[in-house]
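Enquirer: Take a look at the letters that make up each chain.
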Amino acid sequence: MVELKNVDVHYVDGAKGGVDALNDVNIRINDGEFVFIVGDSGAGKSTLLKLLTREIQPTGGRVFVNGYNLKKLRNRKLPYFRRSLGMIFQDFRLIPTLTVYENVAFVLRVIDKSKKYIRQRVPYVLDLVRLNDKAKAYPGQLSGGEQQRVAIARAFACDPKIIIADEPTGNIDPKLSYDIVELLQDINDCGTTVIMVTHNHDLVKFYGGRVINLKEGSIAFDGTIEGAIEGE
Amino acid sequence: MRMSNFGYLVRRGVGSVFRNAMMSVASFCVLLVSLLLIGLSVLIAMDINIIMSNIEEKNEISVYVRGDLSTEELNHISDVISSNPNTMTGGVVYYSKDQAWEDEKEKLSEYAELFDYLEENPMPDTFRVTVSDVSRISDTAAEFKSIEGVERVDAPYDFARAMVNIRATLSVIALGLLAVMIVTSVIIVYNAIRSSVFARAKEINIMKVVGATNSFVKIPFFIEGMFIGIAAGAAAWGLTKVIYEVIVQLFEEDITIWRIFGLVNIVQFDDVTWYLLAADCVLGALLGAIGTIISTGKYVKV
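Protein chains in written order, with the numbering used here: chain A, 871 to 1102; chain B, 93 to 394.
Among the hints, a few may not be true.
Stated by the list, open to error - Derived pair list, reagent style DSS-like, types lysine-lysine, alpha-carbon separation capped at 30 angstroms:
| # | chain 1 | residue 1 | chain 2 | residue 2 |
| --- | --- | --- | --- | --- |
| 1 | B | Lys-294 | A | Lys-985 |
| 2 | A | Lys-942 | B | Lys-294 |
| 3 | B | Lys-294 | A | Lys-920 |
| 4 | A | Lys-983 | A | Lys-947 |
| 5 | A | Lys-1075 | A | Lys-920 |
| 6 | B | Lys-294 | A | Lys-941 |
| 7 | A | Lys-947 | B | Lys-294 |
| 8 | A | Lys-875 | A | Lys-1075 |
| 9 | A | Lys-920 | A | Lys-947 |
| 10 | A | Lys-1004 | A | Lys-985 |
| 11 | A | Lys-920 | A | Lys-1045 |
| 12 | A | Lys-1004 | A | Lys-1045 |
| 13 | B | Lys-294 | A | Lys-983 |
| 14 | B | Lys-294 | A | Lys-1006 |
| 15 | B | Lys-294 | A | Lys-1045 |
No wet-lab data here; the hints were simulated from the structure. Quick caveat: nothing in here was measured; it's all calculated off a predicted structure.
So here's chain B without its partners, still in its complex pose:
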């Protein structure tokens, strides 16, 4: 197709947005609200993810080893633990029996004389391991247990189960909301474009009679749907920015409270601003295009 004629189609599509002003506004608003909710959900999900990770990093598997091991054997155990795929990089801390002994003495300093009765340090050497995937914590613990020289393994199984459940629930809710919003948006855009198709039935008929190709007939409607979608995406991005920054402000006013929940470095809007703008516009255009495909596919048969 010639550029001049393509330009003509683009002008007709954009013009159509304003000719069907009421339907365009309706689609724009629905898309705006959907994209706003999607944007905020994504940001909040990212925050929750950070918070969850912060909390999860406090999980530790304690690997107690036998007291009679040589330094080589200890190093070997350390290497095996570190090479486990679920061990977080740098997440292995060696906690020697001497250290443990000193710490224990300090903790119980009032009873210092009691320690004098012990001839030998009863504390075991320990590796404290942070795992990256909490949901696999029991498998990982079992793997550590099977290492030669390991005596006992402690892991926060209940904590891990709770975290996994919370994450799963949040994901289901988020996906459900997302699906409902996307379906609603597509239906509204579908209706808007369909009314636009009906309004131009005569034109479409003439186009078909004189030999317009399918794409020639459909392009203006595509432009119309995508124009509304992109406009709604850009507007949604602006609104998301305003609302999210208000929320962040509220949190940061009393950050010490949130620090307790691990909410110290939540997502700053400026860090994701361009990604979000692009995502909003692309998603808006996509929803507009999907609505158009469904409505023109049915009513623009050549």
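Looking at chain A on its own, in the form it has when it is part of the complex:
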């Protein structure tokens, strides 16, 4: 579960005297939800994600993620908190010198899983994203869509409670974007909360569901919209 209570984020900027990135934001996302976060550049989407991963601390208000009070979370505990999140990025962030299989196995090693577990888990998640046949390929040999699927497999491999996808379709063929969202929905169906930040309004309109629209650091809209897919 994610809960933001009266959150302010104020960036100190010497020249301009400071920027309000988020202003009195209140959000509650329950377990198992699928949420789109939309908004123009500079609306505060990145700031919001950084708050959720505790890259930054709010200037005011409180942030709870997966039962952790992020304001009180000690640095020593930070890695263990991050293990409850799965991150997906616009630029995939795969390690180019490792194979697809190794890229997924890598994060499992990072969180200290056993060899046996890794040998079972990696093929399972690669199967989920339909990339088992590419296990031995290197990221450079894959298309953008395939690379993002590897990234999704990697995020899901650690069995996180929440998956946070930051513009996951930003760097791939628009037609393949739908694949990515559907994969995320499959993962959501397994009970994992998915928070997806996107610029792609067509995708949001197509799938519908809960949408949070940020405007100039505040929430302009937070509600459910009906998707085209359900209207068909």
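Put chain B on the given structure of chain A with help from the hints.
Expert: Only chain B this time, still in chain A's reference frame:
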């Protein structure tokens, strides 16, 4: 942490040594030269120490006692001198007036008839004392002087001062060199590991995002730094052996000359070989680790 994952980190660290081959070679060479110089300096310092000790053992405090003392009194003085903390064990030699008289007669045998004019032996009883710490020779001499029955004390004060000065100068030079070499080594290793950290920035970022602990991120770099350090230590040990044995050979070819300077039993490499190998490897690993701590501490913030 599981052993299998620790093994994985070790493999990554060692692999990194070869991936950043140029920087690894640079660090290896600098560490090698530093450890070689340190090793040779230590061996030579040990030799100089032996030579200095040999020379110093030739120092003697002569304690002259009054002529009218009984055997008990002489024994008492001998005991007091022996129990002085600065008296070398077994370093007290009693030189009786009769002995001194005979020696003197022998020395001046051409003038033997002169001695016949003397009715009494004018030589005093003497204790010749070797001290263990030359720098405290004047204090020790003063202590002997205050013993009841002692008439006069002679000590090689200038000699002692010179020895103390030489030792102090040599120590300062050696420590200075050591400090410069250690600092240089740490800086070079720091740079090598830092470039390795930059080369793997993406990996480190991913590790942090998925929840790697600090130690998990740092261990491969530690392995990398220590691997280079230990390799350089082992190589330095081999080179030290070769070079030192050449030096010893040069000296031993004409040992009589060196015997004059007390250079009779200098350190043999085989006697210290294992200590030196261990010291080289430990120091190499330590320098590698220090360089790594500084570079990762700054750039691997989780």
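Enquirer: Broken hints, numbered, in rising order?
Expert: Hints that this structure does not satisfy do not exist here, as all of them hold.
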